[in-house]
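Chains as they are written, first to last, in our numbering: chain A, 5 to 255; chain B, 326 to 736.
Hints in this document: simulated from the structure, not taken from any laboratory.
Among the clues, some could well be false.
[What the hints assert, rightly or not] Here are a few chain A residues that face chain B, going by a calculated C-beta distance under 8 Å:
(1) Pro91
(2) Pro92
(3) Met102
(4) Leu129
[What the hints assert, rightly or not] What follows is a set of in silico ranges between Cβ atoms, one per label pair, in the way DEER data are often shown:
(5) Asp10/A / Lys697/B: 42 to 48 Å
(6) Ala722/B / Thr72/A: 55 to 61 Å
(7) Asp698/B / Thr72/A: 21 to 27 Å
(8) Gly136/A / Ser372/B: 55 to 61 Å
Backbone N, C-alpha and C define an ideal beta-carbon position, used for all residues, glycine too.
Spelled out from the first residue to the last, the chains are:
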Amino acid sequence: MLKIKDLSVAVEGKEIIHDVNLTIQTGETHVLFGPNGAGKSTLLMAIMGFPKYKVTKGSISFKGRDITGLALDERARMGIGMSFQRPPVVRGVKTRDMVAACLKAHGDGETVEKLAERTDLKDFLERDINYGFSGGEIKRSELMQLLAQKPELTLLDEPESGVDLVNIVLIGELMNDLLEKNCPIQYRKCMGLIITHTGHILDYVNARTGYVMCDGTIGCVGDPHEMLATIRERGYDECIKCYLGRIPTNE
Amino acid sequence: MSKIKASKNSKDKAKAAAGKAAAYGEDIDLNKYVSAGEEHPYQADPSQLPARTKKQMLSAGVMLDDASQRSGTYLQMDNTPIHSSVRQDGVEVMAVSQALEKYDWLADYLWKAVAVDSDKYTANVELNQSDGYFIRALPGQKTVFPVQACLYLAQAKLVQNVHNIIIAEEGSELHIITGCATATKDEPGMHIGISEFYVKRGAKVTFTMIHSWNPETAVRPRTTTIIEEGGLFLSNYLLMKPVHSLQMYPTSRCIGENATVRYNSILVAGKGTNIDVGSRVFLNAKGARTEIISRAITVGGNITARGYIEGNAPDVKGHLECRGLILGEKGTIYAIPELKGNLVGIDLSHEAAVGKIAEEEVEYLMARGLTKDEATATIVRGFLRVDIEGLPPMLSAELKRAVEASEKEVM
Numbered sequence: 005m006l007k008i009k010d011l012s013v014a015v016e017g018k019e020i021i022h023d024v025n026l027t028i029q030t031g032e033t034h035v036l037f038g039p040n041g042a043g044k045s046t047l048l049m050a051i052m053g054f055p056k057y058k059v060t061k062g063s064i065s066f067k068g069r070d071i072t073g074l075a076l077d078e079r080a081r082m083g084i085g086m087s088f089q090r091p092p093v094v095r096g097v098k099t100r101d102m103v104a105a106c107l108k109a110h111g112d113g114e115t116v117e118k119l120a121e122r123t124d125l126k127d128f129l130e131r132d133i134n135y136g137f138s139g140g141e142i143k144r145s146e147l148m149q150l151l152a153q154k155p156e157l158t159l160l161d162e163p164e165s166g167v168d169l170v171n172i173v174l175i176g177e178l179m180n181d182l183l184e185k186n187c188p189i190q191y192r193k194c195m196g197l198i199i200t201h202t203g204h205i206l207d208y209v210n211a212r213t214g215y216v217m218c219d220g221t222i223g224c225v226g227d228p229h230e231m232l233a234t235i236r237e238r239g240y241d242e243c244i245k246c247y248l249g250r251i252p253t254n255e
Numbered sequence: 326m327s328k329i330k331a332s333k334n335s336k337d338k339a340k341a342a343a344g345k346a347a348a349y350g351e352d353i354d355l356n357k358y359v360s361a362g363e364e365h366p367y368q369a370d371p372s373q374l375p376a377r378t379k380k381q382m383l384s385a386g387v388m389l390d391d392a393s394q395r396s397g398t399y400l401q402m403d404n405t406p407i408h409s410s411v412r413q414d415g416v417e418v419m420a421v422s423q424a425l426e427k428y429d430w431l432a433d434y435l436w437k438a439v440a441v442d443s444d445k446y447t448a449n450v451e452l453n454q455s456d457g458y459f460i461r462a463l464p465g466q467k468t469v470f471p472v473q474a475c476l477y478l479a480q481a482k483l484v485q486n487v488h489n490i491i492i493a494e495e496g497s498e499l500h501i502i503t504g505c506a507t508a509t510k511d512e513p514g515m516h517i518g519i520s521e522f523y524v525k526r527g528a529k530v531t532f533t534m535i536h537s538w539n540p541e542t543a544v545r546p547r548t549t550t551i552i553e554e555g556g557l558f559l560s561n562y563l564l565m566k567p568v569h570s571l572q573m574y575p576t577s578r579c580i581g582e583n584a585t586v587r588y589n590s591i592l593v594a595g596k597g598t599n600i601d602v603g604s605r606v607f608l609n610a611k612g613a614r615t616e617i618i619s620r621a622i623t624v625g626g627n628i629t630a631r632g633y634i635e636g637n638a639p640d641v642k643g644h645l646e647c648r649g650l651i652l653g654e655k656g657t658i659y660a661i662p663e664l665k666g667n668l669v670g671i672d673l674s675h676e677a678a679v680g681k682i683a684e685e686e687v688e689y690l691m692a693r694g695l696t697k698d699e700a701t702a703t704i705v706r707g708f709l710r711v712d713i714e715g716l717p718p719m720l721s722a723e724l725k726r727a728v729e730a731s732e733k734e735v736m
């Protein structure tokens, strides 16, 4: 279980996230909507533990342990993984090496080649990670690394952005693998938190809980499909107004 | 004993340049060193050399216990050639002094690519009894395995004067690994190495040089390559061990149409190391191409990384890439890329970057579960990895092994 309580986060001295509460039970996948600049990525980066994202108030617990002060790499080794929206290019570091490093940390003998085949990236293993990758290739590469890492909590920052219609099907399948969606919920050990702008990914990945985030706070919680319909029809402003006053506790 | 038939003209020019400081690098006082060294006995079987010597040579990529993957071997200890042998037909490996006795025409190749009066170091080689290796691939002959050569500095306070001639005749293919090493870890010494490469029409030469000096050695190589029509010259240089002062600016002159040259340099400078290394290419014939790539890391030392491409003919193309990483609190990297175009229609470019490891990259790897140290090491290892187009897989693997073996100097 991931439990975020009264969380405020500042970046370079400026508070971006204010008093956020959110709980994801084991086996669940939640979706985070919100306009640009709402603080969605900041929330994910803070959960992952990037040093630039300072927790100024509140706490983050994962698997029953307070991880608020835990380092980024320790959180990764504890079972939190992240798919980056725009990961950096690391020249000289081969995609193969990255996947192998992920396997080493949580490996179960699954080979790099098998994962590359599954993600349709066999021709990319000898290339520098993310160097010259298209939008879809970056997303598949991120998912390939996560499939090797096998996190219990997967944070996905706009997994469908820059992905064409053919690739999005594969991205959806990979996410379902990662989140154990083909396994009955009572047997799942994995959970996910997905940021989506367009909501297209909901056509491929089932999620029961959605949030709308605005100005660094979570404005509402509900069925993500209903939320998406409202957002598409009326825009974020109307959506937020509609749910004003319904600040969730999600306890 | 050298029997180089230097012309009176060369001697006169050398005398005139005996006090001429080099254009770059610290001016080394040659009087601090002795020129006459002890003679060393010839070694018919180099595997019988002392284990310690072989280990030092191995640190520079020279394998003596198993030479089955070498086309030939040349060893020079101080100023004495102590071994030369070939394992493949069509390749010649011997001391230059020996080759000059065998071939009258060879004198024409001496000081043809490198000017004898370039500076006091070239002059010193001419004015002292100097030997070196002569490596030649006969027309159309292609070596499968590389020829290896080791220039070994055994005696303290000695100037090792070396003059090498390498000729790849028309249509031939020649791979060379040269390793330079010292016997001691801390005795002063000096190495001056002249290398003149001649890549004839349609020939291909790969030249991999690994330097493994000590922190008290001064090194002044002077190298020029002449590349004829359709010729290809690939040069890989690896310096990861400490050296007191090293300055070189190897130069290629593409004189034939579509001649191609690539330089790759990997430089690591620890505290007390001062290196000034560049690569310079003159594209003097139509369609000539070059790519110069250098990777420099300082962990406390000073590095000047130069690069120069000059386009003097139509349709030439050149790219220069210089990247530097500063690890640790001190150390300097001074990147100086230069391009000169002298006519319309040429295509020259460069990129240079000097800085620290990007935090964003370290954190990206940490988000996959690597510790900060592991992430940093992975990025540094990647930085040092240069994929060299055209290098045979075996040489590529050897270069990779040499980089990996030296990584602890950086970490």
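Taking 8 Å as the limit, does the beta-carbon of Pro92/A come near enough to a beta-carbon in chain B?
At about 5 Å, which falls below the 8 Å cut-off, the nearest Cβ of chain B leaves the hint on Pro92/A intact, so it holds.
Indicate whether the distance between the beta carbons of Asp698/B and Thr72/A respects the range 21 to 27 Å.
Taking Cβ atoms as reference, Asp698/B and Thr72/A lie about 24 Å apart, which means the hint holds.
Go ahead and decide if the range 55 to 61 Å is satisfied by the Cβ distance of Ala722/B to Thr72/A.
With Cβ atoms ~47 Å apart, the hint is violated.
Quick one: are Asp10/A and Lys697/B within 42 to 48 Å, going by C-beta?
violated (30 Å)
If I claimed the Cβ atoms of Gly136/A and Ser372/B lie 55 to 61 Å apart, would that claim hold in this structure?
violated (47 Å)
Identify whether the interface hint at Pro91/A stands, where standing means a beta carbon of chain B within less than 8 Å of its own.
holds (6 Å)
Interface restraint verdict for Met102/A against chain B (beta-carbon cut-off 8 Å):
holds (7 Å)
When the least beta-carbon distance from Leu129/A to chain B is tested against 8 Å, hint result
violated (14 Å)
When each numbered hint is compared with the structure, violations occur for hints 4, 5, 6 and 8.
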